[in-house]
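A.B. asks: Okay, here's what each chain looks like letter by letter:
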Amino acid sequence: MATIGYSAILLTFVITLYAVLSFLLARSQGYPELAKSALRAIQAAAALVTIASLSLIYLLLKRDFSVDYVFRHTSTALPPIYAFSAFWAGQEGSLLLWLWLLSILTLLTSLNLSREDEAIQDYALATLAGVEAFFALVLALASNPFAFSSRFHSEGLGLNPLLENFSMMIHPPTVFAGYAGLTIPFAYALAYLLAGKPLEDWLKRIRPWAIVAWAFLGAGIIIGGWWAYIELGWGGYWAWDPVENSSLIPWLTATAFLHSAVVAERRHYLKGWSFLFITLTFLFCLFATFVTRSGIIKSVHAFAQSPLGFYFVAFIAFWALLTGLVAFKRRANFTGKKVESALLSKDIALYYLNWLFFGEALVLLLGILFPTFSSAFQGQEASVDVSFYHQTFMPLTAITVLLLGLCVGLSWGATSSKAFLRRAILPASGALLGLVVPIALGERGLFPILSWGIVGFAFVGVIQELAKGLREFARKRRLIPRPYGGYLVHAGIVLLALGVVGSSFYKAETLVSLKPGETAEIGDYVLKYVNFQHQSLPTKERFLAQLEAYKGDRLVGEIRPEKNFHYNVGQWVSEIGLRSTPAEDLYVILIELEEDGTASFQIEVNPMVFWIWVGGGVMVLGAVLALWPEGGGKWKS
Amino acid sequence: MNKRLVIGAIVIIGALLYLIVTGLSGSSVYYITVGELKAKGPSIYGKTVRVAGKVVENSIQWDPQTLTLTFEIADESGKLPVIYHGPRPDMLRDGAEAVVEGQYTPEGVFKVNPKGLLLKCPSKYQEKSQ
Chain A
1 MATIGYSAIL
11 LTFVITLYAV
21 LSFLLARSQG
31 YPELAKSALR
41 AIQAAAALVT
51 IASLSLIYLL
61 LKRDFSVDYV
71 FRHTSTALPP
81 IYAFSAFWAG
91 QEGSLLLWLW
101 LLSILTLLTS
111 LNLSREDEAI
121 QDYALATLAG
131 VEAFFALVLA
141 LASNPFAFSS
151 RFHSEGLGLN
161 PLLENFSMMI
171 HPPTVFAGYA
181 GLTIPFAYAL
191 AYLLAGKPLE
201 DWLKRIRPWA
211 IVAWAFLGAG
221 IIIGGWWAYI
231 ELGWGGYWAW
241 DPVENSSLIP
251 WLTATAFLHS
261 AVVAERRHYL
271 KGWSFLFITL
281 TFLFCLFATF
291 VTRSGIIKSV
301 HAFAQSPLGF
311 YFVAFIAFWA
321 LLTGLVAFKR
331 RANFTGKKVE
341 SALLSKDIAL
351 YYLNWLFFGE
361 ALVLLLGILF
371 PTFSSAFQGQ
381 EASVDVSFYH
391 QTFMPLTAIT
401 VLLLGLCVGL
411 SWGATSSKAF
421 LRRAILPASG
431 ALLGLVVPIA
441 LGERGLFPIL
451 SWGIVGFAFV
461 GVIQELAKGL
471 REFARKRRLI
481 PRPYGGYLVH
491 AGIVLLALGV
501 VGSSFYKAET
511 LVSLKPGETA
521 EIGDYVLKYV
531 NFQHQSLPTK
541 ERFLAQLEAY
551 KGDRLVGEIR
561 PEKNFHYNVG
571 QWVSEIGLRS
581 TPAEDLYVIL
591 IELEEDGTAS
601 FQIEVNPMVF
611 WIWVGGGVMV
621 LGAVLALWPE
631 GGGKWKS
Chain B
1001 MNKRLVIGAI
1011 VIIGALLYLI
1021 VTGLSGSSVY
1031 YITVGELKAK
1041 GPSIYGKTVR
1051 VAGKVVENSI
1061 QWDPQTLTLT
1071 FEIADESGKL
1081 PVIYHGPRPD
1091 MLRDGAEAVV
1101 EGQYTPEGVF
1111 KVNPKGLLLK
1121 CPSKYQEKSQ
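Protein chains in written order, with this note's numbering: chain A, 1 to 637; chain B, 1001 to 1130.
No wet-lab data here; the hints were simulated from the structure. Hints are not guaranteed to be accurate.
Facing chain B, according to a computed beta carbon distance under 8 angstroms, are these residues of chain A, among others [claimed, not checked]:
id, residue
1, D117
2, G233
3, L343
4, V363
5, Q380
6, F388
7, S513
8, G570
9, I591
10, E592
Over 10 angstroms on every C-beta distance to chain A, these chain B residues come out as not near it, computed from the model [unchecked claim]:
id, residue
11, V1029
12, K1038
13, G1041
14, S1043
15, I1044
16, Y1045
17, G1046
18, K1047
19, N1058
20, S1059
21, Q1061
22, A1074
23, G1078
24, K1079
25, K1111
Here a beta-carbon is modelled for each residue, glycine too, at the ideal position from N, C-alpha and C.
Just chain A, same shape as in the assembly (with noise of 0.2 angstroms):
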């Protein structure tokens, strides 16, 4: 079975490499018949890859530890579905999975294209079957998930037990199929680029695909943040950690091109910056996955060392150049028609915004390269902290929300002062009142003031926009979801901000250690530590405490942490409790518990947590709204 699974990989490099000759060929050629074998090429690539991932799923269902990937990854006492999960548990997996989406995607592209542009088709499927080659030579020099263990194992090491979690189970595919979806609106940028086709066409065609795509990295990013939350035991979701960061980046870069397309759609500028935002979405994906699997991060050194490093490097390199190079040869495909926009106005608006986000990847793409800089030219290894991004991120991300709440206010083309000022008495009275409320509560600190100003200003805007749409539709009694659509993400973005906020100025926290039946404070709650047990299983020691939380007199939830040995990897791993509410969430972490019973407890509450998640929820809607066809079905591409 592995054999046959390599087999179909190095299948997939011939493949898909005849598949990018061939359309090149017939491009310059004009050779159609040999664009029908290239097509045919790129769906039994589809099919290969296919095999390939099946064959490593049957693999690790089966807990063939000859295999290496499996024996590294699974156990025979891991459940069957964290044994199918482990296919993303690591780097070899997770690229045959990148290539297994990537395929299918194009094979879908292919299928749905009508016959009127070939050029366009050709060029696109050229570039996307470019990448699968990359990806299927990774695979099969660099990162073979089929290679044979060099020793007889009878057990295997077992999966991480902190990635034996639900959300671990979803997070990786999500986050893969936005960055494999990704791809797709930038193959077809740099197909319309080549053809010479109009950007207007190009950008119509793609966007259901890049919103979808968009939507699932997001999405994924959110889960990737709760898994941090509720798995990882430090009472945080975001710790500004580069693998973190890395995904973070193509997702600012695709809410850049989102926006900067819906000007170049409407006032037909700003597409030489839509062009650019695909293109950096599509590279800091490529970065991203590099980033995230290939473990160069903490060891700078192995940068060059790791040949995973290199192929991704140069790669990344290579499409850089050749877009460049289009873009320069075809720049003319990028001037608009000359339409004057006022200052202020929603063009210009989010032309400023464009600035914003490109100003917040770019300081999260120099954090992570940090290291490597501070090597390369002071000769000494050096890392930024969080604080970095404290003061260079968060300010940014603040003026980004704050103009969010503009967005109601103007107009395209030019908005009247009067109007504006009109518009804007709403949210102004929002953010008057995030400003008053909490110096009224006793807040003094600058940055939680201003924070809270903001978001009242945004909050009040959204909703002002989105019940604008409400009145609209009980007039006309129909529904014009596209543009709400993105309110409604610009209210799920608002709402994150909220428990972003909270949690970030108020969270408060203590250390305590108990015997049971005694009791500790934090915040409103009284804790009270009821009983503790100990159980010997077969794969893990468990460890549980039980407590009772109490709001004055009243019990309002139990909370039962644990603390568990997993033998597989001996290793420790907590398993939090937690009592969410919309005001806020008590954590706490069972740090150790003793013969006697003594136990020691980290305790948190973190407030308005709930939000973030709610706000995740709210932008994924958002997206299925902004898809919503209009007049039936239009956008089908």
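Fit chain B to the known structure of chain A by using the hints.
C.D. replies: Chain B only, in chain A's frame:
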């Protein structure tokens, strides 16, 4: 694009550069090896640096009463005793890849800052486990 937009862009780029430069100057922390740390002598006491290394076998000691964790990390250039106050991280075990951020003390012990103990995230942890 008219002139006003270019001016706006220049202002934004300027602000961005300002943010980055001030951000970097305040928050960059140097990585040094155990050997370098010991060679620097008194000049390094009290300065925040990062040291990366593997947790030495059987060196982990944990006092749950005071929540004090002591262990040693080692790289190619030597061993370094480390003291940390706070909850014991789950991922801490013999041979784990650790990065500590804190200060070297005259007693020859590296005092880790609160939340300054980083252990390899599981997405990367598998790399060197075989």
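A.B. asks: With reference to the structure, classify each hint as holding or not holding.
C.D. replies: Hint-by-hint comparison with the structure:
no.	hint	verdict
1	D117	30 angstroms, violated
2	G233	6 angstroms, holds
3	L343	6 angstroms, holds
4	V363	6 angstroms, holds
5	Q380	6 angstroms, holds
6	F388	4 angstroms, holds
7	S513	7 angstroms, holds
8	G570	6 angstroms, holds
9	I591	5 angstroms, holds
10	E592	4 angstroms, holds
11	V1029	6 angstroms, violated
12	K1038	16 angstroms, holds
13	G1041	17 angstroms, holds
14	S1043	14 angstroms, holds
15	I1044	13 angstroms, holds
16	Y1045	18 angstroms, holds
17	G1046	17 angstroms, holds
18	K1047	12 angstroms, holds
19	N1058	13 angstroms, holds
20	S1059	15 angstroms, holds
21	Q1061	13 angstroms, holds
22	A1074	15 angstroms, holds
23	G1078	17 angstroms, holds
24	K1079	19 angstroms, holds
25	K1111	16 angstroms, holds
Violated hints for the displayed structure, listed by number in ascending order: 1, 11.
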